[in-house]
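Asks: Once you've looked at the hints, dock chains S and Z against the given chain U.
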Amino acid sequence: MSDQLAIELVGVDKRFGQVHANKDIHLKVRKGSIHGIVGENGAGKSTLMSILYGFYHADSGEIRVDGKQVSISSSQAAIALGIGMVHQHFMLVENFTVLENIILGAEGGALLAGGVSKARAELKRLADDYDLKVDPDALIEDLPVGLQQRVEILKALFRSADILILDEPTGVLTPAEADHLFRILRVLRDEGKTVLLITHKLREIMAVTDEVSVMRRGEIVATRQTSKTSMGELAELMVGRRVLLEVEKGPAEPGRPVLTVENLTVRDTRGVDVVRNVSLEVRAGEIVGIAGVSGNGQSELLEAIAGIRAVTSGTVTVDGTRVDLSRGTKDPADMRELGLAHVPEDRHRMGLVTRFPECENAILGYHRDPAYGRGPFLDFDRIRTAAKVEIEKYDIRPADCMLKTANFSGGNQQKIVLAREIERDPVILLVGQPTRGVDIGAIEFIHKRIVALRDAGKGVLLVSVELDEIRALADRVLVMFDGQVVGERAPETAESELGLLMAGASGQEAAE
Amino acid sequence: MTAGQLPRWVDYGLMPALNVAAAFLVSGLVVLLIGENPVEAVKVLVWGSLGWNEGIGFTLFYATNFIFTGLAVAIAFHAGLFNIGGEGQAYLGGLGVALACLALDRYVPWWVTLPVAVLGAAAFGAAWAFIPALLQAKRGSHVVITTIMFNFIAASMMVYLLVNLLSKRGSMQPETRTFESGGRLPLLQDVLPGTDFGSAPVNLSFLLALAACLLVWVVVWRTRLGYEIRTFGANPVAAVYAGISPLRITVVTMLMSGGLAGMMAINEIMGSQHRLLIEFVAGYGFVGIAVALMGRAHPIGIVFAAILFGMLYQGGAELAFEMPTITRDMIVVIQGLVILFAGALEHMFRPVLLRIFGVLAARPAPVA
Amino acid sequence: MFETLIFVLDSTARLSTPLLLAALAGLYSERSGIFDIGLEGKMLGAAFAAGAAAAVSGSAWIGLGAGILVSVALALVHGFACITNRGNQIVSGVAINFLAMGLTALLGQAWFGQGGRTPAVSGDGRFGDVTWPFAAELRDVPVIGGLYSELLSGHNLLVYAAFLAVPFSWWVLYRTRFGLRLRAVGENPGAVDTAGISVTWLRYRAVICTGILCGFAGTYLSIGQSASFIANMTAGKGFIALAALIFAKWKPVPVMFACLLFGFLDAVAIRLQGQQVPGIGEVPVQAIQALPYILTVILLAGFIGKAVPPRAGGTAYVKERS
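Residue numbers (this note's numbering), protein chains in the order written: chain U, 1 to 512; chain S, 1001 to 1368; chain Z, 2001 to 2322.
Just chain U, same shape as in the assembly (with noise of 0.2 Å):
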């Protein structure tokens, strides 16, 4: 590691309407290091690295690369600066091979002819020198996103890339693949090359980085060298104070069991089963969690278990009502009738139509329901009534139920769906990353809330991927790896313990 700054970001700002997305951002990166910006989601990373790679521009503020100060217009200007990016969902043209994808872009004159075969020796090289294979000629969509990532810096690297940007390579990952991949930054770096890795993930940043800088709320709020911080120190920084998500709760009381899962399997569109053979048990009065990274068949099972998604096989008992999904009998219509309520993983894509007036988003699903009008018609008096009382109780702000819902920040619409699922008094609720995207105040309300739904006497069947959360809500944990349950543990048990499980280590590894 140089002294020489490869990178240096002098006061850059954005604002993306009300949103400050970027605040007055100072960063140093030296040459020939890996250096990683940890911070939860929404942060301002993806921002701050969009800048740097002239998606976006900065309000105000000074790039320099290289020590030069520059002005980095559009992503070719980036390119030109030696600036290669590895962005978060690939950007790759499926049906195309891996050296038309290569070299899209960097052709090398107006016919392909000379170019390819250029191209296709320099791929050689690159693949020799970094230990990056990949087939040439092989097509996108056959390939395993772990290659396909390998093509995108192998992307970057072909257009001479000196800085090379991440943007969290490893979510999508299996942990050998993330092996792999660090493997080759490290190679990357010893050859001179400027890493940045952006991620979520603290472990990741103390296996592989030099420096860290931590970002906070658009702001960089410390940098660090890696060798002398803890993950306790990072955690603290990126949440602004203990990372230990206290939730006051007793202690579980399980009583009948409100929803069994037997045997479910999921195959998706591409053939793939991503959920194997699961079975589980909730009870009433407890909230078991399911830990895993993410893309490990967490949401997936959750959406069968809604009856959303087709299922190869597989059943579910609510609350003694016994369900065969494989019959592609029963839709969420059903379950919901059954006493299942269901806060989904992507509020925006699933639990919300934004365009709806937050009263409409109020019954979502459960526009059926009697009590909302006579008939076939609907009775918007008793409609907007109902939405009211759940603003009062579930403090939604602002309290208007005839405001646009995409109007409302994420932790509020957070609480317009879980107060339409809770309320409807379930037996058993199902809840994905409850807390994605909210803002503090609203995480610590909202746990309180599912706790409060235990204590009432149901059943929640909760997936995280943020153990933190896990471990505080749950009673019970299920660890799911490669869409199968990989073990079960008391939330007490070692983070360390947990993690290893998540990562595909068995039962007995783990425990060592």
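These aren't lab readings, by the way, just hints derived from the structure by calculation.
Source: prediction; values computed, not measured.
The beta-carbon is built from N, C-alpha and C at its ideal position, and this holds for glycine as well.
Hints may contain errors.
Unchecked claim - Computed footprint of chain S on chain U; a stretch qualifies when at least three of its residues, placed anywhere within it, have a C-beta under 8 Å from a C-beta of chain S:
#1 129-137
#2 349-358
#3 374-383
Unchecked claim - Mimicking SDA-like on lysine to any residue, the simulated pairs with C-alpha atoms at most 20 Å apart in a straight line are:
#4 Lys2249(Z) to Glu141(U)
#5 Lys118(U) to Thr2176(Z)
#6 Lys2319(Z) to Pro1351(S)
#7 Lys404(U) to Trp1221(S)
Unchecked claim - To list a few chain U residues with every Cβ distance to chain Z over 10 Å, as calculated:
#8 Asp3
#9 Arg15
#10 Ser33
#11 Gly61
#12 Ala77
#13 Glu219
#14 Thr226
#15 Ala284
#16 Thr312
#17 Thr321
#18 Arg327
#19 Gly339
#20 Lys388
Replies: Just chains S and Z, lined up with the frame of chain U:
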């Protein structure tokens, strides 16, 4: 991503008004281009369509067609579907009306025929929308393309039927026999005392069209089905989450849409022509797209937009008479411009308005 | 029998030409992610412009230039609505069809006063038939004479241009930088954008290509196949071309075969008009005319293969805000 926010009256009032104004401004330029005075043209047009009783009658007659086809497009919009098949569905609706009238006109009075004809129009129009709907819901074939194809298939089929099966014996004309009084709707002036529309064919169907507006409003905004349609249109994923069946909503909405388009034939066939003839739809199905866009898919907006287009059709006929260089094709031009400005370019003025109203200080940079 | 076959194939070539040019035109736009149901309108606008310019100037080439100019202008309106303003591509296409339909008839009447027609042109005002060498000499040789002198020789320049446009389009699409980017932007504009290429400019270039080819198609109709513009002379050909494009799954060489098939159906329909076919009786011509549309619907339904449109087609590109 939420776009910048504008006051409601700007979003729903000023911006559409600006769009339509832009369309008419460009239309004025076209009139200038062919060497006529646009102000004079507007005078002739307005007088021709509103200045005398018969003119008003014709305006309302055309507006009746446009209300039906506009509602057809609008209700599909609410489900996120684009039904370009109004033309073919209305054509088929004509077949339904004609069959009812041909079967009954000699035996019963018109008020007995009417419900059967309405049913026939709606059922035949709906049937023609059914296959595209099913293919979209089950097979993912885009309803836009399939309904276009079905327009052409309808045209070929109707020519075949009219030439070979339905035409009068011994006649070469591709049309049915003229209906007797049992297959003719009364004129509006005979139903509403004190009105006089001269020889204009505006008939009872106009009231039927207004009733259809009310019905569509109730269905879309006051029923559980309408709630499901709007949810599906705004966020199909959330609709599935809410237990709303995409198949059911797609099919039901397209059936209603096709049915409404088919109802247009009541006005033309039973109300005015009193026989089924070739190409009677004459593009009215397509005008529905302009009407729905201009009326922002709301029944009240559609009534106003339909009357405006009725004025254009009637006033345009007068205009072609007074200023022969401005043929009725001018209406088609205006229609195209309205669709362009009120539809495809609907957000063109948004950035300017946003700056004027200063609701947002900064906006994401436009696509570079 | 052989003569009838040659005759039908010969008219197939003539009838396929406008379809082929328009379908290839649509290929560029749609492969770049901009759906275009306005092929009809662009063709019509070009046909009028070509007819009018040729009538005024007496030159077919000036006619072609005018046709291309007008068609490209309409394509740019589509581009402005869909690319710059991110408007609905279907709505914009519908608007352009009406605009062209209305303006051509209106201006035709205002300028020439012949009920929407343009004055008939002849000689240099039209694209005349090109006779291949030795066509006259070989005419009487069996089989070869029919094929060479009747089928291959004796079409106008635009027919040959249309069929040459097929390998040319293939070459552009699969062998040039522009083609690679064009295919990429229709599948994943984000990939193109992050590779430092302007999505906007790329898509504009694609719709300009569409405009140029539609210009050829329209010109062929008014001063190639006919001698003047007639109001609404496209009569749905733009939509058959669209059907052919879908039927060919957005690939240049299959587009040619689809257009030949649809042109052939048209030729057969004309040939069979009012004729008795042994064993069948009178064939309903309307059924044959509807066949291209019916076949396309069946294809879209997924009963014969699957027509998967370019993945990013129909949606405007908006940078994702993370």
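Asks: Run every hint past the structure and note whether it holds.
Replies: Outcome of the hint check:
1. For the region 129-137 of chain U, the assignment as covered by chain S is violated, since 0 residues bring a beta-carbon within under 8 Å of that chain's beta-carbons and 3 are needed.
2. Figure legend: the region 349-358 of chain U, annotated as covered by chain S; annotation consistent (8 residues with Cβ-Cβ distances under 8 Å, at least 3 required).
3. As drawn, the region 374-383 of chain U meets chain S at 4 residues by the rule of a beta-carbon pair under 8 Å; at three or more, the given contact holds.
4. Using a Cα cut-off of 20 Å, the hinted pair Lys2249(Z) and Glu141(U) holds, with the two alpha carbons roughly 19 Å apart.
5. A threshold of 20 Å between alpha carbons decides the hint, and for Lys118(U) with Thr2176(Z) the separation of about 15 Å falls inside it, so the pair holds.
6. In summary, the hint linking Lys2319(Z) to Pro1351(S) is supported, as the alpha carbons are separated by about 17 Å, within the 20 Å threshold.
7. Distance hint between Lys404(U) and Trp1221(S) is fulfilled; the C-alpha atoms sit about 16 Å from each other, no more than 20 Å.
8. For Asp3(U), the condition that its CB be more than 10 Å from all CB atoms of chain Z holds, with the nearest at approximately 31 Å.
9. Every Cβ of chain Z is farther than 10 Å from the Cβ of Arg15(U); the closest lies at roughly 12 Å, confirming the non-interface assignment.
10. With a least beta-carbon separation of about 24 Å from chain Z, Ser33(U) lies farther than 10 Å from that chain, consistent with its non-interface assignment.
11. Here Gly61(U) stays apart from chain Z, with its beta-carbon at least about 19 Å from theirs, past the 10 Å limit.
12. At roughly 8 Å from the closest C-beta of chain Z, the C-beta of Ala77(U) falls inside 10 Å, breaking its exclusion from the interface.
13. At roughly 17 Å from the closest C-beta of chain Z, the C-beta of Glu219(U) stays outside 10 Å, upholding its exclusion from the interface.
14. For Thr226(U), the shortest C-beta to C-beta distance to chain Z comes to about 25 Å, beyond the 10 Å cut-off, and the non-interface label holds.
15. Separation of Ala284(U) from chain Z is adequate, the least Cβ-Cβ distance of about 40 Å exceeding the 10 Å criterion.
16. The claim that Thr312(U) is not at the interface with chain Z holds, since no C-beta of that chain comes within 10 Å of its own (minimum 23 Å).
17. For Thr321(U), the condition that its CB be more than 10 Å from all CB atoms of chain Z holds, with the nearest at approximately 37 Å.
18. The beta carbon of Arg327(U) sits about 25 Å from the closest Cβ of chain Z, which is more than 10 Å, so the claim that it is off the interface holds.
19. Distance check on Gly339(U): its Cβ is at least 37 Å (rounded) from any Cβ of chain Z, clearing the 10 Å threshold; non-interface status holds.
20. Non-interface call for Lys388(U) relative to chain Z: holds, since the shortest CB-CB distance, roughly 32 Å, exceeds 10 Å.
The earlier numbered hints that this structure contradicts are 1, 12.
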